[in-house]
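Numbering (mature numbering (1 follows the signal peptide of the UniProt record, and there is no 0)), first residue to last: -32 to -1, 1 to 282.
Simulated from the structure, these hints should not be mistaken for lab results.
Glycine is no exception: its CB is placed at the ideal position from the N, C-alpha and C atoms.
Misleading hints may appear alongside valid ones.
[Stated by the list, open to error] DSS-like cross-link-like pairs, simulated, lysine-lysine; straight-line CA separation at most 25 Å: (1) Lys96 to Lys53; (2) Lys116 to Lys262; (3) Lys165 to Lys210; (4) Lys52 to Lys114; (5) Lys116 to Lys30; (6) Lys22 to Lys96; (7) Lys273 to Lys114; (8) Lys227 to Lys165; (9) Lys52 to Lys96; (10) Lys259 to Lys53; (11) Lys262 to Lys247; (12) Lys210 to Lys53; (13) Lys166 to Lys210; (14) Lys199 to Lys259; (15) Lys49 to Lys83; (16) Lys144 to Lys248; (17) Lys30 to Lys83; (18) Lys247 to Lys259; (19) Lys247 to Lys116; (20) Lys114 to Lys262; (21) Lys22 to Lys83; (22) Lys49 to Lys116.
[What the hints assert, rightly or not] For each label pair, taking beta carbons as the anchor points, the in silico distance ranges come out as: (23) Ile3 to Ser107: 28 to 34 Å; (24) Glu203 to Glu231: 39 to 45 Å; (25) Ser61 to Thr257: 25 to 31 Å; (26) Pro11 to Glu121: 44 to 50 Å; (27) Arg186 to Glu121: 48 to 54 Å; (28) Ser183 to Thr241: 25 to 31 Å.
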Amino acid sequence: MRAIKMTTALPMFRLLLLVLAALFLAAAPSRAQNIVVMVNGDPITDFDIDQRSKLDQLTTQKTPSRQEVINELIDDRVKLKEGKKYGVDPGVSDINQSYEGMAQRMRISTDQLTKSLEVKGVRPETLKARMKSEMVWTSLVRGRFKEKLMVGERDVAQAVQAQTGDKLQIEGTEYKMQPIVLIVPRGSSPTFLETRKKEAETYRSRIASCEEANSLFRSTPNATIRDSVTKTTAELPDALRKVLDDTPIGHLTAPEVTKAGIEMVVLCSRKPTMIDTPKKREIREKMYTEKYEKTQKAYLDELRKAAMIEYRNR
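The whole structure should be built from the sequences, with the hints applied where relevant.
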């Protein structure tokens, strides 16, 4: 009888262990999936918060507060909903391409990027989710407020002068041209070279526009006309700038002998412009960034006020 009782008790004990194990396993994900806040019906869980916190710590080398992370995730949900409203919803391939681009900028493979995240306990999906939010938001802000974000050249010039006292809005000239080459094979005789020079001079007397130059040299054997290039005064050496200033628009510059053959340039246009400088670019970018930040903050504040945000558990 004692043996029978022992065999009966053992299955009961195993059953109890199985029940306890099931309860334990069920409790583990419940904490991870515990809903902390609902944003327009979209849940943010403890797991989401934990993942974003680890990602932020990895990218900023700082430990954000729990509420800061929650606010970031709320912003993401609000941005994504607004994006769908305007049809801005990047697909999986777009996100993966952005992810690959990040890896390339870091000069590592996508697998290495994924592993570096996983070592820190961050799933690649967490980074991709943040990237998607940023892509949507940038497209929305730039698309909806394009005119508002424009930085005028006069404003840039005034800012430069206010900061430095220098008049950096320097007038210059913009040249649009197309290089032309009459091919002279290496090892050609001086006589052949002279013949090609005379041909070049003949072409100079015939050509009066870029259209004529393109029509002629695209059909002429052993001659090429390259795509147009645009250069400003600041980008050209003094000697070439003087040549272009002395060349009538639509005409060819004097032929020069180079390694490629006989080279000339057809001048398509020449017009006054304002030369860009490093200081101007720096100030223009700063002004744009300030406008963008101010605009996107006001936009986001407006969306958050209209959003349904319900805290469940903090």
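Now for the hints, and whether the structure bears them out:
Distance restraint check for Lys96 and Lys53: the Cα-Cα separation of roughly 21 Å lies within the 25 Å cut-off, and the hinted pair is therefore satisfied. Proximity of Lys116 to Lys262 is assessed by CA-CA distance (about 11 Å); at most 25 Å being required, the pair is judged to hold. The suggested pairing of Lys165 with Lys210 holds, with an alpha-carbon distance near 22 Å, which does not exceed 25 Å. A hinted pair counts as satisfied when its Cα atoms are at most 25 Å apart, and Lys52 with Lys114 qualifies at roughly 19 Å.
Distance hint between Lys116 and Lys30 is unfulfilled; the C-alpha atoms sit about 34 Å from each other, more than 25 Å. For the given pair, Lys22 sits about 14 Å from Lys96 by alpha-carbon distance, which is consistent with the 25 Å threshold. Restraint check for Lys273 and Lys114: the C-alpha separation of about 23 Å stays at or below 25 Å, so the hint holds. The suggested pairing of Lys227 with Lys165 holds, with an alpha-carbon distance near 14 Å, which does not exceed 25 Å.
Between Lys52 and Lys96 the CA atoms are separated by roughly 17 Å; this keeps the pair inside 25 Å, and the hint holds. For a cut-off of 25 Å, the pair hint linking Lys259 to Lys53 stands: about 24 Å separates their Cα positions. Taken as a hint, the Lys262 and Lys247 pair is honoured in the structure, with Cα atoms around 23 Å apart against an allowance of 25 Å. Of the supplied pair hints, the one linking Lys210 and Lys53 is violated, its CA atoms being roughly 56 Å apart against a limit of 25 Å.
A threshold of 25 Å between alpha carbons decides the hint, and for Lys166 with Lys210 the separation of about 23 Å falls inside it, so the pair holds. For the proposed pair Lys199 and Lys259, the alpha carbon gap of about 30 Å is over 25 Å, so the pair is violated. A C-alpha spacing of about 31 Å is found between Lys49 and Lys83, which places the hinted pair above 25 Å, so the restraint is violated. Of the pairs offered as hints, the one joining Lys144 and Lys248 holds, with about 23 Å between alpha carbons and a cut-off of 25 Å not exceeded.
Only pairs whose Cα atoms come within 25 Å are accepted, and Lys30 paired with Lys83 is accepted, the gap being roughly 21 Å. The hinted pair formed by Lys247 and Lys259 meets the criterion: a straight-line CA distance of about 18 Å does not exceed 25 Å. About 23 Å separates the Cα atoms of Lys247 and Lys116, which keeps this hinted pair within 25 Å; it holds. Between the alpha carbons of Lys114 and Lys262 the distance comes to roughly 14 Å, so the proposed pair stays at or under 25 Å and holds.
A threshold of 25 Å between alpha carbons decides the hint, and for Lys22 with Lys83 the separation of about 14 Å falls inside it, so the pair holds. Only pairs whose Cα atoms come within 25 Å are accepted, and Lys49 paired with Lys116 is accepted, the gap being roughly 23 Å. Here the CB-CB span from Ile3 to Ser107 is close to 29 Å, well matched to the stated 28 to 34 Å. Checked against the given bound of 39 to 45 Å, the beta carbons of Glu203 and Glu231, roughly 18 Å apart, lie outside it.
Checked against the hint of 25 to 31 Å, the C-beta distance between Ser61 and Thr257 comes to roughly 29 Å, which is consistent with it. As the Cβ distance of Pro11 to Glu121 is approximately 48 Å, the hint placing it in 44 to 50 Å holds. Between Arg186 and Glu121, the C-beta spacing of about 37 Å breaks the proposed range 48 to 54 Å. With their beta carbons about 28 Å apart, Ser183 and Thr241 fall inside the hinted range of 25 to 31 Å.
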